[in-house]
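There are 2 protein chains.
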Amino acid sequence: MPAFFNEYTQIPRSVRGLDGAPEWPRLRALVGNIQDARVLDLGCGLGWFSRWARKHGAAQSVYGFDISENMLARAREMTGPEYEAVIYERADLEELELHPEIFDFAYSSLALHYLPTEALRRILAQLFGALTPGGRFVFSIEHPVLTAPADAFWKRDEEGRVFWPLNQYWKEGLRVTYWLAPGVRKYHRTVETYLSLLLEAGFVLTAFKESWDNMDFNPKLEEKADSHRPYFLLIAVQKPK
Amino acid sequence: MPAFFNEYTQIPRSVRGLDGAPEWPRLRALVGNIQDARVLDLGCGLGWFSRWARKHGAAQSVYGFDISENMLARAREMTGPEYEAVIYERADLEELELHPEIFDFAYSSLALHYLPTEALRRILAQLFGALTPGGRFVFSIEHPVLTAPADAFWKRDEEGRVFWPLNQYWKEGLRVTYWLAPGVRKYHRTVETYLSLLLEAGFVLTAFKESWDNMDFNPKLEEKADSHRPYFLLIAVQKPK
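Protein sequences, first through last, are from chains A and B.
Residue numbers for the first sequence follow UniProt numbering, beginning at 1 and rising by one.
Residue numbers for the second sequence follow UniProt numbering, beginning at 1 and rising by one.
Just so you know, not all the hints are guaranteed correct.
Which copy? The list can't say, so a pair holds if one copy fits it or any two copies do.
Okay, derived cross-link-like pairs now, EDC-like style, lysine to aspartate or glutamate, Cα gap no bigger than 20 Å in a straight line [as the list claims (entries may be wrong)]: (1) 241 with 192; (2) 171 with 159; (3) 224 with 94; (4) 171 with 213; (5) 171 with 223; (6) 171 with 222; (7) 55 with 77; (8) 224 with 172; (9) 171 with 216; (10) 55 with 216; (11) 155 with 223.
What the hints contain is simulated information worked out from the structure, not anything from laboratory work.
These figures come from a predicted structure and were not determined experimentally.
Starting from the given sequences, assemble the full structure and let the hints guide the process.
Structural data, given as structure tokens:
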């Protein structure tokens, strides 16, 4: 999808990196201390987190995996020689095989909602195996309340109140949406399904956060619309020691 | 609220007990084995669960606490001599003090969303202390997606699709609603807040379920409206061994 890629490289989180992402302060708090950790970045995109991790204490090496060659090429361009041992590799998360206990910390930003449920179950099992005991996994996804609706746009009622028209919450599966370009395919799952898959894989929940602080004012809706429904879901889990 | 109490005693879950509650099969699965457990039932209402627990292996004694004298009087009437050592006591969950490590299992059905957040934080700390190591707590609440909206009624869009008008999700606090009677006071909190309070108290999450299987057909809306948004939240946690 070259149209998607071109648009994607122009949004704030692509241009400004982590500081262009409103959820980053909360996500960074969940990442915590990664001193000397061997780090995996699932769906690394332009590599902003992989580089940040290397700068903030991650051990050699940081591995960033993504399915898009375009993304990886751009990520490599942006990774100067000062980022020693940040390695970008093409990988389809639906098929990725990982060696046991080779990472101390894994991260994934806004990638896992592109996977069907069976593929998510599979990669979580792989990841659980690939983490060392006590290893942590921090990730963000689009919140199920965001991905569920048939008509996922803000509405306003007769009294002028903004609302989010939630429906088909239990209808899990493919949602084809327009995001930067038409035909973006993502998968809706309930919060129950996400948490159940994590527990089933053996992880222990350590944090569960919805969206971010300081919601933006939406000039079109003339209010902080995002305060009306959860937007992203940020989760931290740990493999038992 | 005598009007509320009169109405309450006539709904299916009051008349038929646990089998009149659509979420009971999933909740029962979370309750699991309570053989010889000392059981606490927070907000026991008419005592259906307290009696069920005694019949299904709970040790002497089962303690049911509720704030309503009406409820407790009716609960005692319904508790024949065959339910040895089921004890109902009046208690305000906002002030309840519990001795350390005196219960193995705690349960609460649709009660905790009537507590303000600081009171919930307090009772969770009490409960954590009152459970033995490895002790479990299983509870249900109204789902935050249900409690959030300013206008919490099903709507239908121009194309005839049923939806739930979600808004003010981040506006935590009091919601005064009509449920069986006017002026029912409940407290909205995000899913994040519920899970964060549990983790903060020291609990480990073991299950997270939304609503129930086999959604009812809603004749007025001519479809299974409850499949469009989460209704209840069922959570199981454990005190570490």
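We went through each hint and held it up to the structure:
1. 241 with 192: neither (25 Å within a copy, 25 Å between copies)
2. 171 with 159: between (30 Å within a copy, 18 Å between copies)
3. 224 with 94: neither (37 Å within a copy, 33 Å between copies)
4. 171 with 213: Between copies, since 13 Å is at most 20 Å while 29 Å is not.
5. 171 with 223: between (30 Å within a copy, 14 Å between copies)
6. 171 with 222: between (32 Å within a copy, 17 Å between copies)
7. 55 with 77: Classified as within; 17 Å inside a copy, 68 Å across copies.
8. 224 with 172: between (28 Å within a copy, 15 Å between copies)
9. 171 with 216: Cα proximity of residue 171 and residue 216: across copies only (15 Å, versus 30 Å in one copy).
10. 55 with 216: neither (29 Å within a copy, 54 Å between copies)
11. 155 with 223: Within one copy only: 13 Å inside, 22 Å across.
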